Amino acid sequence: MDVKVQVSGEKATLSLSGRFDFTAYKEFRQHADRTVQNNGVTGVEVDLRGVEYLDSSALGMLLLLKENAEKSKQSVSLVNCQGAVRRILEVANFDKLFRLS
Amino acid sequence: MDPVVLLPSRERINAGERLSQPERQWRVHVELSVTELKSLDVMPWLMWWVDNIQLEEQRRGQVFLILSELLNNALDHGLLGLDSRLKAESGGFECYIQIRTDRLAALSAGFIDIEMGRVWQAERELLRLGVKDSGPGFDHVAMSQAGLTDNSGFSGRGLGLVRDLCETLEYRGNGNEVVALYRIN
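Protein sequence lines, in the order shown, are assigned to chains P and Z. Quick note on numbering: the first sequence equals residues 1 to 101 in our numbering. Quick note on numbering: the second sequence equals residues 1001 to 1185 in our numbering.
One chain only, chain Z, in its complex shape (with noise of 0.2 Å):
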């Protein structure tokens, strides 16, 4: 299935331009299945949208590690079955991407849906970004849980960073699903 890509509107995106609650706000809808998850760079793809809202430098950087902390969950721990603590153990993260290499090379079947779109909030501008996988959803709490005791800081430690930058995360369906709400302004 080729990926879909909604384009906004005619409005113009313009993030110095503030539009009243009620106008529709622009929204990116983008479906990868198991070919794109398999060959393409999906990040790239997605930080040209990201890059074209116009933000500042600061706020770039902070979407992007947001945006591939949990796109990388989703496919990792949602599709692929990895679990991160292997990580933490020595030599783990070798293992890990060489399982991973694997995985995703045998991998026949399931997607990751994105979405990313402003929304108006009670006069703040947010960025929404979900992030929805066809897997069997994972133990989102255990794993921010390990984060915290495990001192090699490998497992864990980028979902309390998104915590930490975001307004909102949250999580839904059987753990397959999460929204992130990420201030602009």
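So here's chain P without its partners, still in its complex pose (with noise of 0.2 Å):
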């Protein structure tokens, strides 16, 4: 999966595109840290737009950053659920945990 990050004041975009599985990890918690460890930064956005598949590791993955977020006082959101991404967060009551759109 790639992950591309932009930040613009206080807000910064985790873009994914590709298979949000367990073989992201590695990628997703690289650009996840450092954007959690950003100071500037006080809400992070995540672009599911070019998600293609995820999984139940990448549900976990998220629950992670939103964990990290939140000790750095950083909002978390999820922007761009489409699909079938959208009905597996929602069957995941994501829509609970995140600020989904």
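For the record, the hints were derived by calculation from the structure and aren't laboratory data. Be aware that one or more of the hints could be misleading.
[Unchecked claim] Covered stretches of chain P (chain Z as the covering partner; in silico rule of three or more C-beta atoms under 8 Å from a C-beta of chain Z):
| # | segment |
| --- | --- |
| 1 | 4 to 15 |
| 2 | 55 to 66 |
| 3 | 81 to 87 |
[Said to hold, decoys possible] Listed next, the stretches of chain Z that the computed footprint assigns to chain P, with coverage defined by at least 3 CB atoms under 8 Å from CB atoms of chain P:
| # | segment |
| --- | --- |
| 4 | 1054 to 1060 |
| 5 | 1063 to 1069 |
| 6 | 1108 to 1117 |
| 7 | 1128 to 1136 |
| 8 | 1173 to 1185 |
All values derive from a computational prediction rather than experimental measurement. Cβ coordinates follow ideal geometry from the N, Cα and C atoms, glycine included.
With the hints in hand, could you dock these two chains into one complex?
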């Protein structure tokens, strides 16, 4: 999976594309950690538009990000959730844990 | 042992065409030995079959999740003996991945059989997904229950999701065999 990070003011956007599964862990973790450690960032947006498939480990990774971000007093939202990805997030009750759009 | 793939017979794979019940449906049977488990990225391969039955995007994504969950469970818990509760601990995810990598590299015997096919049940068109591993079976009940009480959500959540998405999910044997029925139509 490809991860691109863009920081604009206090907002950081992590744009993911490809297969968000177990194999994406290292890449995701690297960028997520760097973002969370950035003191200038107060809001983290995860853009899922380019995500083709996701599995349960992806859900775990998003939860991990949320946990770490909250420790740094940052908010996390999931944006551009469409189709299959959106449906899975809803079934997993992620709409109760994250702001989804 | 090379993986064995049975190709569908002359009948066309066309999700739009309603085949009447008694007729033979397509089925794929894949056997993965240790060689493939260590080196092959299995999911894209399996998804190629799923993609060819032309499901709509949402269903494809759900099938990916179901298949990958069952396959990962077969490998992680069935063959490698990993405990998913480790993921819930602080720093556990990394630890889990490291142990998984090590154990997979050291795996010398074992197999995972995967079977996918279309079945009809009372006017419903279903995708039957079966995964069987050569391991001693794992306690899927305990794992599902762990998911309910574990707030970090790392363990057990996947199976809960699979149950929500499938018509039925059935464990057989000593827990080393699972069959999921997913509704296509």
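Evaluation of the provided hints:
no.	hint	in the structure
1	4 to 15	violated (count 0)
2	55 to 66	holds (count 8)
3	81 to 87	holds (count 4)
4	1054 to 1060	holds (count 4)
5	1063 to 1069	holds (count 4)
6	1108 to 1117	violated (count 0)
7	1128 to 1136	violated (count 0)
8	1173 to 1185	violated (count 0)
Figure legend: structure checked against the earlier numbered hints; hints not met, in rising order: 1, 6, 7, 8.
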